[in-house]
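Here the protein sequences come in this chain order: A and B.
Final position of the first sequence in this note's numbering is 535; the numbers increase by one with none missing.
Final position of the second sequence in this note's numbering is 466; the numbers increase by one with none missing.
Certain hints may be false.
Computed list of lysine to any residue pairs in SDA-like fashion (alpha-carbon distance at most 25 Å, straight line) [claimed, not checked]: (1) A:LYS522 / B:VAL411; (2) A:LYS113 / B:GLY440; (3) A:LYS311 / A:ALA207; (4) B:LYS195 / A:ALA431; (5) B:LYS195 / B:VAL219.
To be clear, the hints were calculated from the coordinates, so they are not data collected in a lab.
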Amino acid sequence: MKSKWYVYIGTLALALALAVGLGTWTPATQADGKGAKPPTYQVDPFWPKPLPDNWVTGEVAGTCVDSGDHVFIVTRGFQTGGLVSPEGVAGQPVKSKASPPAIEFDRKGNVVNAWGDPSLNTVPQGTLGVGTNAVLPNGIHGCFVDYQDNVWIGGNGDGVVQKYSHDGQHLLMQIGTKGVCDNPPANTCGNSGANPAANQSKTMLNQPADIAVDPSNGDIYIADGYGNHRVVVFDKNGNFLRQWGSAGTGPGFFQPGDGGHPHCVVLGADGLVYTCDRGSDRIQVFEKNPKSCTNTGVGGERVCLPVKIIPVVPCTGASGTAVCPGTGLGTAGSAWDLDFSPDKRQTFMFEADGGNEVLWIFDRALGKILSGFGRPGHMAGDFTFLHTVAADSKGNLFLGETVGGRRFQKFVKRGDGDDDDHDKDK
Amino acid sequence: MSDRWIRLVAAFSFGCALLGPAPARSHEFSLESVMNAFVVIEPREAHLVIRLPLHLLRTIDLPVTGRELDLANAEPAIQRALAALAREITLSEDGRRLVPSSAIGRLSLPSDRSFDRYEEAVAHVARPVAPGTVIYADQGYLDAHLTYAIAQPTSEFTIRTTVAPELKDYLKLAIRYMPLGEKSRAMVITSRSGTVALNPTWYQAAAGFVALGIAHILSGIDHLLFLLCLVIPALGWRQVVAIVTAFTVAHSFTLLGSAYGLAPAGAWFPPFVETAIAASIVYMALENIVGTDFRRRWLIAGLFGLVHGFGFSYGLQQNLQFAGQHLLVSLFSFNLGIEIGQLAVLAVMLPALAVLRRYVLPGRVGVIILSAIAAHTGWHWMIERGTVLWQVDWPRPSGAGLAVLAWWVFGVLLVAGGVRLIARRVRVAHRSALPSLEKALPD
């Protein structure tokens, strides 16, 4: 009987010692210079809820989040051939129905609104042929919700960027002309890398990939990068202000090949402009109004030195150089899109690497990869043509996939990131 | 009745329990809006600083130019909105409705973050809209600051919202209440909450939480089914008292611990608790069917009571916001309400069970059939909840997590030791008076 009593007291004391000991024990923090501790993520396979009426999205060309954490996706299912192949039987989308081009989801993943005119051209429009998007930018590409909750959409098969009201019922602004691109003399939309007369229009674009709006003054930053190779800035009324960048591989240039150079433009809380030089596997970071500039572009246009260059995965896209002697993916490099963690310091930068099918988590200030997740594939949490990334105010990530992936996934933040601590410091 | 016949009935009943459809899931509504407010009490004034999404002001007719709000000519509409706000969100002091002594308002961009902090919100509302600002219709906020003269800061203050009552619980008013000289508190109400006390007295809090506890146990069908399983074998009243007491002590222990933040916080824990509650029903029903020794039932009831206490805490947590300063009073009141509800249910359940066992399902067959029905339901709950549990992220071992676990082990050991000590004293005192449980069982 006494021995039972001893065992009981001993167990009690051990539990108490463990509770106090473990509760007061603080593991050593990471040494300075190694970067902040990144958060972890897990795919939510139940987000979004099933789409109504057999909607199929086709390629998801952009993901963006509004001030209330509603998520928008822009899709290509309505475009010619948008649904033909995987979902249809024998190449015919029998039961699949193309979703509206833009869909808005609430935090729980319910569809709360869907909009966008899916009309296609029955006669040529500018240099766009029959079957191209008649109203929305052809080759719908990238979306952005500005500080006024308006929704911006670009198009990598067109010469326009469009601004819509939050409910999509009103086209509020269009920069550029549909079917007319900055690529003289014919102004056809396409790569203008070797054309000295291109990449410098104050009114035309050439296959814009992404948009960002400065909340301090309404200035519009456009990654005019599928045909052109520049960042171009307009004021809030759509008047040209400035541009920089040209086809090339040096600092301040964007990869000369076709297909997204720059592929993204994102404004940081540090007042800098982050751009994705996709095929060159790097993020080039500029001042909003760069000062160190020369007129050394292909056509003598302005090229500016970045304040820093953040490498992603070198030699994913680039090849045939001393540094990257092997064969790379070319256009499909490793720098596709980015967004930041929602803390005021934007401790982390999330980078969508569709070349390697990984979502990288960077220490934004150090420009250093801390962790990443994802692999090629079609299962939940896998990626195929990982194209865009957007973070909500809780740090959850929404990733869009194009071409063979054609879906979007939510990754739930599981905590532990140092950004949580930073916001507690405020 | 022969053992063979009983075994056949048991096997048939349990087989039936595993078949049959699972319960349907509830429907979710998608459109939710939130109004954010600070209610601040100062020595002579109360302040309501509030932010409303513009889509709630459809009846105010804010002037527009094209798709943009005409900010230069918006003041009359803002004044109408402020008047409507003063009517539809009411602050009262000791039951007397307060009338704003001043009200100012402005329109804000959706990207504005001033309402993260009270001081920033007050400064923001007082500032005019920056020149050149463009706000699109329905894409922004109305921010307002209403000031009320009050008699004294220690009065009882209440709040009520009737903004857009047609949105029912889908329109929420998130309040950060900042009383003078006390810690601030947060609560979320809707137009269906009625008048809510911001600083309830202890007896108001106690009455509210007793009622809440009763309502919670009466609506907690899984807890009631577990309770039924405990008493199906028609035990003597002393055994019922022992079992219910063990269940009560145990669930009170975890309920109180949870209220003080000692329960694991991970997303895995609620589905784990829900699954364990369903499993407790299955276990107890199976034990009834196979007819094990019931003398240790009080111990099993105690162990499962620990799990059910976590389940009760989920009904409590979302309402603790209404406890004001009286957290402990509210906790005990909620627990008291649970016990009152539990006793009320037993007062109906035991006689009904006795009648059923005597006239409809007599003997062991009755125990088996009733337990099989309970097992059927519990089994499907367990599968359904287990599916959810399987999908969540399991916790990674950490020092803090293990420390919480160690605290719980320490607490459970301490309580179990205490209960055992008391039980021994009681047994010594009443050994001759207690009949064995086997004797209490028929057949």
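Query raised in the report: What hint numbers does the structure not satisfy?
Result: 3, 4
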